[in-house]
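Participant: In case you want the letters, here they are:
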Amino acid sequence: MTQHTVRSFDEQLKHLKNLIVQMGGLAEAELENAVTALTRRDSALAQYTVGSDRQLDELEHEVGDLSVRILALRQPMASDLREIVSALKISSDLERIGDYAANVAKRAIALSQLPAMRPAGSIPRMARLVQTIIKDVLDAYVERDPERAIDAWQRDEEVDEMYTSIFRELLTYMMEDPRNISPCTHLLFVAKNLERIGDHATNIAEIVHYLVLGRQIDRARPKGDTTSFAVVTPAEPKAGNEADR
Amino acid sequence: MMAAVAELEPKAPSETAYHVRSGGRGQVMSVCEFSLWYGQKQALFDNTMEIERGLVTALIGPSGCGKSTLLRSMNRMNDLIDGVRIAGQMIMDGRDIYGRATDVIALRKRMGMVFQKPNPFPLSVFENVIYPLRVDGISRRSVLEETAERALKGAALWDEVKDRLQESALGMSGGQQQRLCIARAIAGEPEVLLMDEPCSALDPIATAKIEELMDELRGRYTIIIVTHNMQQAARVSDNTAFMYLGRLIEYGETQTIFTTPQVERTLDYVTGRFG
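First to last, the sequence lines map onto chains U and A. Everything in the first sequence is counted per this note's numbering, starting at 1 for the first residue and increasing by one. Everything in the second sequence is counted per this note's numbering, starting at 1 for the first residue and increasing by one.
Simulated from the structure, these hints should not be mistaken for lab results. Treat the hints with caution; some may be incorrect.
[As the list claims (entries may be wrong)] For the chain U half of the interface with chain A, some residues (derived, Cβ under 7 Å), not all of them:
no.	residue
1	Thr2
2	His4
3	Thr5
4	Gln75
5	Met77
6	Ala78
7	Asp80
8	Gly214
[Claimed, not checked] Over 12 Å on every C-beta distance to chain A, these chain U residues come out as not near it, computed from the model:
no.	residue
9	Arg82
10	Gln113
11	Glu158
Idealized CB from N, CA, C, for every residue including glycine.
Same shape as in the complex, but just chain U:
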């Protein structure tokens, strides 16, 4: 797109975009560290991750301040206006992603003091998927690519399905042995956090679509998370390990 007549306006918009990209990078790194801390049972890394979340909060404030300043001074129109509104919303989604990642890290500290659990395998797999979605929506933001955003948006359903399956798995372990309850509860929250991170990434995909095209995605969001309705009851004492619905 051609430049604004007032060049400092272009610079402000560029700065805003850079802040979002910076926030995206930090959120990605924070999630990566949290998942690594969880899988390696590395409480030092987890501690560091929890502390690093503050940077995201500060950047979110900076995005807010800059956006308000641009709105007040430039009265932006059309695509420029969407640029600013989108930055505001994306920054708040990224900040939330950081919060959830920090919470994963906190639980990694608790889990490192408990015996290791089996679903430690499917949770990192879910985390990888969430990470690729975040990466894709951030790339879609940088490249102004609504197709890529929609593509990432659709993959959130998979995250939801993985979450549902981990939910069931963890409940089964808890029923097997009450000593599992403590680690499983933490893992359940970890999975829930990852699922929420996926939702925020999906939000960002929707915002990118709106930013570029000026209209919302005209489809309903695919949903694969059925845990809110899930009922898992303990099996009859003699029925063995097989847990039934």
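Given chain U, put chain A in place with the hints provided.
Facilitator: Below, chain A without anything else, positioned relative to chain U:
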């Protein structure tokens, strides 16, 4: 996308993106392939647009794009300039405004005009407002007083001037003078109000009052406003026409023009990238 829009609106030339909001009361005026020359220099090129009755239509575009020329063509103010030549038509009530049979004075009465700088006559407030009636030879005191009150109320000025109707209009503030000019324009019961940058000489409060007034007049009158202030166009109008180098580039619903215009050049203009 543009081609599809043009197909839906067969009257629009293919190069104009056309997506106007209908007022549901038909058109007050049709501009048909209207061109205008100042001597050798062509200022308007084949402009075609329908003006929706009862709505506010804004004309925007960079300086020299022809928006004021188009506005002034609508009540034949350009007749007063030497060397002006036109082609095409401006149709009102099925008749060409530029036809031989048109009574220009009667035409201008149907299309009140408000200019950039307030132009009250060096008369009292009262005489200013009822000037159109004086021209028509109406002299019954009761009719004049009634009209003055109605027009001044219509222009949101009554409360401020009702106690000094006999004082000179030249002693009023700029914003009051401009509202007085609007009162004078509506005293003659026009169908259309043409406003040529009516707020560019006013402070922000006076501007807000004029905008509020336009909002109140919407529906009763058809308003066509030329403005350099894009925020103002976005606030007050229902439809917006974007002109560039004498051509109508995009004409459509104001909300769309200022959020998701269909033509790249419109987007560049409304976002301040040129002009």
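Participant: Against this structure, judge whether each hint is valid.
Facilitator: These are the hints, each one checked on the structure:
no. : hint   : verdict
1   : Thr2   : 5 Å, holds
2   : His4   : 5 Å, holds
3   : Thr5   : 6 Å, holds
4   : Gln75  : 6 Å, holds
5   : Met77  : 5 Å, holds
6   : Ala78  : 5 Å, holds
7   : Asp80  : 5 Å, holds
8   : Gly214 : 4 Å, holds
9   : Arg82  : 8 Å, violated
10  : Gln113 : 54 Å, holds
11  : Glu158 : 32 Å, holds
Hint compliance for this structure: hint 9 is the single one not met.
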